[in-house]
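Here the protein sequences come in this chain order: W and S. Under this note's numbering, the first residue of the first sequence carries the number 91, and numbering increases by one thereafter. Under this note's numbering, the first residue of the second sequence carries the number 68, and numbering increases by one thereafter.
Be aware that a few hints might be false.
Said to hold, decoys possible - DSS-like mimics (lysine-lysine), calculated; alpha carbons at most 25 Å apart, straight line:
1. S/Lys290 / W/Lys224
2. W/Lys268 / W/Lys284
3. W/Lys214 / W/Lys224
4. W/Lys214 / S/Lys290
Since the hints were made in silico from the structure, they are not lab data.
For reference, the chains in residue letters:
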Amino acid sequence: MMNPRNKSFGEWLVTLPSFVWLFILFVIPTLIVFTIAFKPADPWGGIGEGWTLDTLISLGNPNYPAIIWRTIWLSLVTTVVCIALALPMGYYIARAPARWRRLLLLLTVIPFWTSFLIRIFAWKVLLHPDGYVKRALVFLRLSEEGTMLLYRSEAVLLVMVYTLLPFAILPIFAAAEKFDFRLVEAARDLGAGKLRAFRQVFIPGIQRGLLTAVLMVLIPALGMYIIPDLVGGPRSEMVGNKIAQRTFVDRNLPHASALSAGLTLAVMAPMLVVLMMQGRRREEHEVR
Amino acid sequence: MKRSRIPLYTTIAVLVFFYLPIFVLIIHSFNASRFSGSWEGFSLRWYIRLFTEREIWYALRNTLIVAFSTTVVSMVLGTIAAFALHRFNTRLQRVHYTLIYTPLVVPDILMGISLLLFFVAIGVQLGLFTIFLAHTSFCVSYVAMVVLARLQDFDFSVIEAAQDLGANWWTIAWRVLLPLLAPGIAAGGLLAFTLSIDDFVITFFVTGPGATTLPIQIYSMIKHGSPPLINALSTILLVVTFLIIWTVQHLTEDERTHENA
Numbered sequence: 091m092m093n094p095r096n097k098s099f100g101e102w103l104v105t106l107p108s109f110v111w112l113f114i115l116f117v118i119p120t121l122i123v124f125t126i127a128f129k130p131a132d133p134w135g136g137i138g139e140g141w142t143l144d145t146l147i148s149l150g151n152p153n154y155p156a157i158i159w160r161t162i163w164l165s166l167v168t169t170v171v172c173i174a175l176a177l178p179m180g181y182y183i184a185r186a187p188a189r190w191r192r193l194l195l196l197l198t199v200i201p202f203w204t205s206f207l208i209r210i211f212a213w214k215v216l217l218h219p220d221g222y223v224k225r226a227l228v229f230l231r232l233s234e235e236g237t238m239l240l241y242r243s244e245a246v247l248l249v250m251v252y253t254l255l256p257f258a259i260l261p262i263f264a265a266a267e268k269f270d271f272r273l274v275e276a277a278r279d280l281g282a283g284k285l286r287a288f289r290q291v292f293i294p295g296i297q298r299g300l301l302t303a304v305l306m307v308l309i310p311a312l313g314m315y316i317i318p319d320l321v322g323g324p325r326s327e328m329v330g331n332k333i334a335q336r337t338f339v340d341r342n343l344p345h346a347s348a349l350s351a352g353l354t355l356a357v358m359a360p361m362l363v364v365l366m367m368q369g370r371r372r373e374e375h376e377v378r
Numbered sequence: 068m069k070r071s072r073i074p075l076y077t078t079i080a081v082l083v084f085f086y087l088p089i090f091v092l093i094i095h096s097f098n099a100s101r102f103s104g105s106w107e108g109f110s111l112r113w114y115i116r117l118f119t120e121r122e123i124w125y126a127l128r129n130t131l132i133v134a135f136s137t138t139v140v141s142m143v144l145g146t147i148a149a150f151a152l153h154r155f156n157t158r159l160q161r162v163h164y165t166l167i168y169t170p171l172v173v174p175d176i177l178m179g180i181s182l183l184l185f186f187v188a189i190g191v192q193l194g195l196f197t198i199f200l201a202h203t204s205f206c207v208s209y210v211a212m213v214v215l216a217r218l219q220d221f222d223f224s225v226i227e228a229a230q231d232l233g234a235n236w237w238t239i240a241w242r243v244l245l246p247l248l249a250p251g252i253a254a255g256g257l258l259a260f261t262l263s264i265d266d267f268v269i270t271f272f273v274t275g276p277g278a279t280t281l282p283i284q285i286y287s288m289i290k291h292g293s294p295p296l297i298n299a300l301s302t303i304l305l306v307v308t309f310l311i312i313w314t315v316q317h318l319t320e321d322e323r324t325h326e327n328a
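With the hints as extra help, turn the sequences into a complete structure.
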């Protein structure tokens, strides 16, 4: 058989290709973002010489806190709505008979594979002043002729839920599929109500899948750019829009970097929380 | 015991919510009217118009060049990475796993801006080549995850048997491992292909003059162009996507029947 030195050579050989590729095209670019945030902009849209804190200070500009706040609450509401819909749906798919389960799963996966842009465009057409949603709402007297459905935060929220919901359903289903439903029945036999059995037995049982689902919705939502760009207006901009504007409209790359660095830190926060929670659970498990 | 009906109703409501907009879009691609609010009869005029738009053909050509090169390179890199992750259990592989996993969760826009800054910093000309580099960087991770999942229920005694029969590593990789992993690698490759032809945000950041891909073209049509034309183009893309999903489903299903047998 192979001696240890040979083995570690073999390991390096199969690790290096992807490692080097991602180091150069993922790790280094991420570090560059944090570096350029401390560089001045030059007048030609490039990056100037020397170091400065001006870019970070200019983030104190009164526009930003409102946009950051909006980004956070839109992402949180999207996550809550997605989880609220994904929980009963994941539960239902996991308990469905095998044939139905395959079909339901396929129907959940298809939107996950279809183009983001096309799915957003479909809603833009529906919410358009001449679109069906608007006409249905007017017909039901829920909306007035002059109300604009597009270009507002509610439209952004609706489309974010639409595009991110499959990301919540799949991990919850995956966890529910492995869950032993006899536990819920046992709880019911012992006198727990439907809701109580669901909340105190099912939810803790699928905790890991639930946490994954939260991350899979919350993180892309925090970095969302294309949805507020297409169905939102100036009053529903998110941090992602500002990054794109600083990059393409005013060509101020240090400013775009500073915003991106902030967003990177904001995205890492929920990830670390979940990793810590999972780590603690694993320890508890080992102690037992 | 009587079960709650809430899960059933939620599932039905969510499926209607998922598919209604897509159906409306598909039906409207056959509408003779320019406006989405009125139906003026069945027509293929938007599909015919689509064929005469030179910009769309050009964008399609670019998209396919990028998607094919991305698929090939990320299939090779992703498969090797999955093998390393599965075969070795060392500190290096834990770092390697984090490196593979993180691009899957990082928001598109952060990947786009960081790659743009990187390409600007080293002075690479932006264009199809930079789009290919960017797409491969996130597709490697997807392929690696799909292949890794397949390796986890892989019977390694086959490899030991091959070793006992005197096969060297090269023979084992080519004649045993690769054929058995082929469905997983193909599924990963199709995922990479779909992700590449669909990607807008990252491409938007790293594209250069003249390097228009289909999503970039669709985006500028949404911003300035005519909606019925986008409906027709979207319908064609949806059909292509359905075919790919069907193929992937087929690839994974074959495996399942084997396991049961």
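Hint by hint, here is what the structure shows:
Of the supplied pair hints, the one linking S/Lys290 and W/Lys224 holds, its CA atoms being roughly 21 Å apart against a limit of 25 Å. A threshold of 25 Å between alpha carbons decides the hint, and for W/Lys268 with W/Lys284 the separation of about 20 Å falls inside it, so the pair holds. About 11 Å separates the Cα atoms of W/Lys214 and W/Lys224, which keeps this hinted pair within 25 Å; it holds. For a cut-off of 25 Å, the pair hint linking W/Lys214 to S/Lys290 stands: about 11 Å separates their Cα positions.
In the structure shown, no violation is registered for any of the earlier numbered hints.
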